[in-house]
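> Note that the first sequence ends on residue 468 in the numbering used here; no numbers are left out.
Hints listed in this document are in silico derivations from the structure and should not be mistaken for laboratory results. Bear in mind the structure is a predicted one, so any value in this text is a computation, not a measurement. Glycine is no exception: its CB is placed at the ideal position from the N, C-alpha and C atoms. There may be inaccurate statements among the hints.
What the hints assert, rightly or not - Between beta-carbon pairs, the in silico distance windows are:
id	residue 1	residue 2	range
1	Asn382	Asp330	14 to 20 Å
2	Thr464	Phe231	52 to 58 Å
3	Glu87	Asp369	49 to 55 Å
4	Phe440	Ala298	31 to 37 Å
5	Thr109	Ala186	42 to 48 Å
6	Ala94	Glu13	45 to 51 Å
7	Asp447	Asn21	25 to 31 Å
8	Lys460	Ala420	20 to 26 Å
9	Ala420	Phe231	54 to 60 Å
As the list claims (entries may be wrong) - Simulated pairs of lysine-lysine, DSS-like, Cα-Cα distance not exceeding 25 Å:
id	residue 1	residue 2
10	Lys199	Lys174
11	Lys466	Lys396
12	Lys281	Lys392
13	Lys385	Lys397
14	Lys434	Lys450
15	Lys77	Lys106
16	Lys312	Lys392
17	Lys199	Lys328
18	Lys76	Lys199
19	Lys317	Lys247
20	Lys113	Lys127
21	Lys396	Lys57
22	Lys342	Lys107
23	Lys90	Lys113
24	Lys348	Lys57
25	Lys130	Lys107
26	Lys385	Lys12
27	Lys91	Lys187
28	Lys130	Lys199
29	Lys410	Lys396
30	Lys199	Lys77
31	Lys328	Lys11
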Amino acid sequence: MLTVYNTLARKKENFVPLIENEVRMYVCGPTVYDFFHIGNARSFVNSDFIRRYLEYKGYKVNFVMNLTDIDDKIIKKANEEKITASEIAKKYSAAFLDDINLLGIKKATLYPKATEHIGEIIEMIDKLIKNGFAYNIDGNVFYDVKKFKGYGTLSGKNIEELESGSRVEINESKINPLDFSLWKKAKENEPFWESPWGKGRPGWHIECSAMSCKHLGESFDIHAGGSDLIFPHHENEIAQSEAATGKSFVKYWLHFGFLNINEEKMSKSLGNFFTARDILKIYNAETLRLFFSQTHYASQLNFSDELLNASKKGLEKIETLIERLEQKMDEDKFSNSENNFKFDNYYKSFESAMDDDFNTPQAVAVIFDFTRDANKYLSEDNITKEFLLNAKEFLKKTAQEVLGIINLDKKKNNESNLEAELIELMIRLRVEAKQNKNFFLADQIRDELKKLGVILQDTKERTTYKKT
RNA sequence: GGCGCUGUGGCCAAGUGGUUUAAGGCGAAGGUCUGCAAAACCUUUAUUCGUCGGUUCGAAUCCGACCGGCGCCUCCA
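With the hints as extra help, turn the sequences into a complete structure.
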C-alpha cells in the first residue's frame, strides 16, 4: 500500500486515487524568464520520481506541469533585453524543455501555457466575482480572502495573524492587505488581453487553478511543488478553485525540500545559484539523479562538489556491475544449475521503500545491496543465463525506469572503430609483453593509455577497458 | 513576533516504540585476487542517535525543557 505525506493532513495517508487505476497530478512549473537553477531541478526530478513510481505501480498517470509565460519578471526581462515578453517566454520555454530532457525527466502529459488559457482564466475570475469571492476596483480584480472559510488551512496560518505581520504589502485599493490579484490592469507598454474589466493580464495564482481545472478536472489527486509555494501560492489556489467550483480541489498535497548551498536556500534573489545546464556540464544526469534520490524529497539537501562526487563514485559501482553482467553475457558460457538468486526479495524491498512516501534513499540502498550481492554471485562459477537476464531486468525496472540513475540503452560505443581497434591493439601488445614478463613495457602501456583517458583492467579471462 | 521543519558514525543519509547494541553511499584501515595495479569481494570503522529530565517492561523513535540549524509569513522549486 502506497502512503504519502499529505501537507493538508500533516501526516502520512494511504494513497487512494479518486478514479481507480488513474492518477491526475499537477506540478507547478517554471516562470519562463531565465534558465532554471539546480534547486529548481531538484523539484522537477522529485516530481519525476513520483510520477515514474506511480507508473511502475501500474497507474495511468496524467501529469500536467504549467508554464507561466506572462508575469512581472518576464516583462522586466523583456525590457532589459529590448525584446517582447512573448519572445522571452518562447526562448526560456524552449530552454526549459531542453534542460528537463537533459535531466532525464519524462515528458509531462501536457505543458499548458498561461497565455493560451486567458479565456478559461477570465471565465473563472468571472465566476469568482459572481459567487461573491472577488471584487473589481478600477480594472484590478482581487480575491477577497475573508470570504473564503478555511483560508490558511493548508499553510496553518490564520488571517488575523497574517494581518498583524508587518511584511504584507499595503495596497491602497485592496479591501484587505491579504487580498491577492486575479486580474492585473495593464500599465503603459505592458502586454495585455481584453477582459470584462478592461485591458490587463492574469495574476499568478489564478492560472494554476484555471489550467488544472481544465486539464485535470475540478478535483484531482496530487498537487506538488516546492515548500515555498505552500503559502501563499497553493493556499490561494485552493481558495480560488474551491470558491469557483464548490468542490474539493486536491486530495494530496506534496511539498519538496530545498536544495541548499552552504546550508542556505539556493535562490535567484540571493544569487547563490548554479543553473542546471551549467551543472550538467560537470555531472551527468544520472549522477545528479542519484544524488537527489539519496535524500528524501521533503528534506533539505546541501549542494557541494564533495557530495556530488560521492554520488558519482557510488554510481560507478552500479555501472561496473552492468558492465560485468554484459561481459558475462558476451562470454556465452552458462551453467545449467538452478538459479537460486532471490530476485523477489529485492523487488519487495524496493517497493516497500517506495511505497513509504517515495522513500528513494531506502530504495537506492536496496539497489546497492543488490549490486553487492550480484557481484558476489558473479564471482562464482555456476552463473546461469537466467540470472544475467533477471539481474539486468531488475536494474532496468528499478534503477532505470523508476529512478533514472542508469541508462542501459545508452550507446556506450560512441568512439570510432579505428579508436576501438587501436585500443584493442595496444591491449594485445601489452598481453604479449606480460607473457614475456616484460612488465616494464606492460606498465608503460597501461600508464600511457591512462593518460589518454583509457583505463585498463585485467581479469582472469581478458583485459577490459573503460574511458574516463 | 507567529507558524513549520530539523539535529543519527570522519562526511552524506535511512530508520519514528521491541526482529535495530541503528540500512545504504562516500571516505579511512587491513585482507583475498593480481607480476604489480584496477575492479570486485571480505573484515574493521556509532553499546550510540544535540543536552537534560520524564512516560514505558522496553525509546534514536512518545512527552517536556533547554541548546543549535533551516525555512515560510514578500516574488521564489
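> Could one say that the CB atoms of Ala94 and Glu13 fall in the range 45 to 51 Å?
Cβ of Ala94 to Cβ of Glu13: about 38 Å, so the range 45 to 51 Å is violated.
> Can the restraint linking Lys199 and Lys328 be considered satisfied, given a maximum Cα separation of 25 Å?
The given pair, whose Cα atoms are some 69 Å apart, is violated under the 25 Å limit.
> Could you check the hint for me, namely that Asn382 and Asp330 are 14 to 20 Å apart, CB to CB?
Holds, since Asn382 and Asp330 (Cβ atoms, about 18 Å apart) stay within the stated range.
> Does Lys410 pair with Lys396 here, judged by a C-alpha cut-off of 25 Å?
Holds, at about 12 Å.
> Is Lys396 close enough to Lys57, meaning Cα to Cα at most 25 Å?
Measuring from Cα to Cα gives roughly 15 Å; hence the hint holds.
> Given the hint that Lys90 pairs with Lys113, does the C-alpha gap stay at or below 25 Å?
Judged against 25 Å, a Cα distance of about 11 Å means the pair holds.
> Take a quick look at whether Lys434 and Lys450 sit within 25 Å of each other, Cα to Cα.
18 Å, holds
> Is the straight-line distance between the alpha-carbon of Lys385 and that of Lys12 25 Å or less?
42 Å, violated
> Given the hint of 52 to 58 Å, is the C-beta distance from Thr464 to Phe231 inside that range or not?
55 Å, holds
> So the hint says 31 to 37 Å: do the beta-carbon atoms of Phe440 and Ala298 match that?
Violated, since Phe440 and Ala298 (Cβ atoms, about 57 Å apart) do not stay within the stated range.
> Lying within 49 to 55 Å: is that true of the beta-carbon distance Glu87 to Asp369?
Cβ of Glu87 to Cβ of Asp369: about 51 Å, so the range 49 to 55 Å holds.
> Taking the beta carbons of Thr109 and Ala186, is their distance inside 42 to 48 Å?
33 Å Cβ-Cβ, so the 42 to 48 Å window is violated.
In summary, the structure is inconsistent with hints 4, 5, 6, 7, 12, 15, 17, 19, 22, 25, 26 and 31 from the numbered list given earlier, while agreeing with the others.
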